[in-house]
Amino acid sequence: MIEARTTPAKRRSIIFALLAISATVILAIVVPFSHSNATGPEESPPPQYVPSISDMMIATIQPRHRRLWQAAQNKDWAFAAYELGNLHGAFDRIGRAHPTEHDTSFPDMTASVTAQPFAELKSAIQSKDDTGFAKAYADLTSGCNACHQALNQGVLAIRVPSGPSASDQDFTQAAP
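Using this note's numbering, the first residue of the sequence shown is number 119, and each one after it goes up by one.
Hints should not be assumed to be uniformly reliable.
As the list claims (entries may be wrong) - No more than 27 angstroms apart at the CA atoms, straight line, and that leaves these computed lysine-lysine pairs for DSSO-like:
(1) K246 <-> K193
(2) K240 <-> K193
(3) K240 <-> K253
(4) K253 <-> K193
Derived from the structure by calculation, the hints contain no laboratory data. All of these numbers come straight from a predicted model, not from anything done at the bench.
Let the hints inform the model, and build the full structure from the sequences given.
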């Protein structure tokens with residue numbers, strides 16, 4: 119049997135090899151993470167898609183406006199209250215997505231034309247008041263049209279629905 123003896127020089131070589139392997143492993147772990155902190159511009163995440171005001175109005179505001187009216191016509195006051203909350207929330211989300219439009223605070227503009235009608239709608243819904251609802255709904259609709267005018271989008275005319283149609287947009291208006 120041959121006895122394997124390690125000499126001090128061989129031990130140093132083994133220790134050096136172990137240290138070199140450890141250092142390589144540590145560098146392999148640290149370098150990818152430290153690379154992003156290197157000087158120079160950081161890579162930005164790709165931009166997120168933000169729907170336009172028009173997209174959000176058509177997808178969220180217009181259907182909720184219509185459903186709110188339909189709920190009141192059906193005297194489904196619980197659903198009307200639900201849709202009023204959804205409509206209010208949709209305006210808030212559009213304002214967060216588009217804080218300004220034509221150098222004007224979009225949330226302030228929408229609040230200026232919706233705050234009073236929303237309060238009146240809430241009151242009419244709670245008291246199940248058809249007449250109060252009709253007035254407040256007409257006021258909200260007029261406010262929407264005033265906002266469209268102020269943003270040079272007067273071609274967008276919204277109306278109080280007149281029946282079970284799928285849209286509340288008034289397509290009979292002549293272009294300005």
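- Message: Hinted pair, alpha-carbon criterion (27 angstroms max): K240, K193. Please report holds or violated.
- Response: holds (14 angstroms)
For K253 and K193, compute the direct alpha-carbon distance and say whether it is at most 27 angstroms.
holds (16 angstroms)
Sort out whether K253 lies within 27 angstroms of K240, counting only the CA atoms. Status holds; Cα separation ~12 angstroms.
Original post:
Quick one, are K246 and K193 close enough, alpha carbons at most 27 angstroms?
Top reply: holds (8 angstroms)
The structure shown violates none of the earlier numbered hints.
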